[in-house]
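This is what each chain is made of:
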Amino acid sequence: MSTLRFNTWQDTGGTEAATASEVSAYSFTEPALQLVTTATLSSVNTVQIDNCFSSVYKSYRVLLGATADKNCTLYIYGRSGGTTDTTGPYRFGRYYVGAGGSVTAGSNNYTNYGAGWVGDGSTIPYFGVVDIHNPYEAVNTNFTVITSGRTLAVSGTVVETSTQYDSLVFIADSSGLLTGTVRIYGYKDS
Amino acid sequence: MKLQVDAKTGKAQVVSFNEEDKALIAHTQSVSSSISDAIAADAAAKQSAIDKLAALGLSVDEIRAAFGLEGN
Chain A
570 MSTLRFNTWQ DTGGTEAATA SEVSAYSFTE PALQLVTTAT LSSVNTVQID NCFSSVYKSY
630 RVLLGATADK NCTLYIYGRS GGTTDTTGPY RFGRYYVGAG GSVTAGSNNY TNYGAGWVGD
690 GSTIPYFGVV DIHNPYEAVN TNFTVITSGR TLAVSGTVVE TSTQYDSLVF IADSSGLLTG
750 TVRIYGYKDS
Chain B
21 MKLQVDAKTG KAQVVSFNEE DKALIAHTQS VSSSISDAIA ADAAAKQSAI DKLAALGLSV
81 DEIRAAFGLE GN
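Chains as they are written, first to last, in our numbering: chain A, 570 to 759; chain B, 21 to 92.
Simulated from the structure, these hints should not be mistaken for laboratory data.
By construction, the Cβ of each residue, glycine as well, lies at the ideal position given by its N, Cα and C atoms.
The reader is advised that the hints may include incorrect statements.
Claimed, not checked - Not the full set, but computed from the structure, chain B residues with beta-carbon under 8 Å of chain A:
no. : residue
1   : Lys22
2   : Asp26
3   : Gly30
4   : Ser36
5   : Leu44
6   : Leu76
7   : Leu89
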């Protein structure tokens with residue numbers, strides 16, 4: 570469902586009630602990012618978000634803010650029809666500044682996608698911005714991730730499959746437990 | 021534990037791992053380990069090359085400068 574918001578407003582007539590001419594003079598603008606869903610994480614290892622992808626949007630943004638109870642890396646998988654895609658291939662590269670390991674871009678053919686280092690058991694917050702392009706289209710899906718926290722990580726992958734994903738799952742390796750929030754937005758096309 | 025969210029209904033619930041989840045966690049850990057091994061192998065190869073250059077009396081910076089290379 571779309572939400573209309575006033576882009577600008579000015580009471581040019583000096584009255585609180587808007588006149589017809591005042592209303593017609595101002596534009597209405599839908600936000601470019603539209604919330605699909607949001608959830609709160611409380612010491613969970615896995616976050617599965619069903620039915621977050623659809624034909625409504627081609628591109629999505631996921632905002633994940635969390636802390637973890639130990640050193641762990643967050644992995645991302647697409648899901649289709651109730652099945653997690655553990656085949657991919659997820660061809661990715663990852664560059665770390667700080668602790669962690671970088672992975673040469675494009676040359677790796679893995680069956681999941683390591684997006685970034687989540688935490689170290691302290692209260693240092695991790696914040697990840699994940700842009701996903703074409704998950705629901707029958708073409709390759711792209712993930713681009715920038716994370717900050719214990720490390721700065723920039724990573725990206727193209728999943729070389731035409732599988733149409735309707736859902737998403739995040740998993741912390743090393744049995745890490747995540748506490749925080751996740752929000753998924755759709756990019757409005759026009 | 022797993023947080024399962026349905027974007028259509030907005031329903032969110034924390035559930036125990038089922039067999040599929042356990043298999044996925046094991047898969048993730050396996051690939052994570054292989055990635056860590058690959059990173060360690062890359063680092064070892066890089067250090068080996070640096071050591072060989074040093075044995076020849078050369079440094080990485082000298083090689084970069086000679087070939088006009090920048091960055092890492």
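A quick look at each hint next to the structure:
1. Lys22: holds (4 Å)
2. Asp26: holds (5 Å)
3. Gly30: Gly30(B) check passes; min Cβ-Cβ to chain A is 6 Å, inside 8 Å.
4. Ser36: Check failed: Cβ of Ser36(B) comes no nearer than 11 Å to chain A, outside 8 Å.
5. Leu44: holds (6 Å)
6. Leu76: violated (26 Å)
7. Leu89: violated (16 Å)
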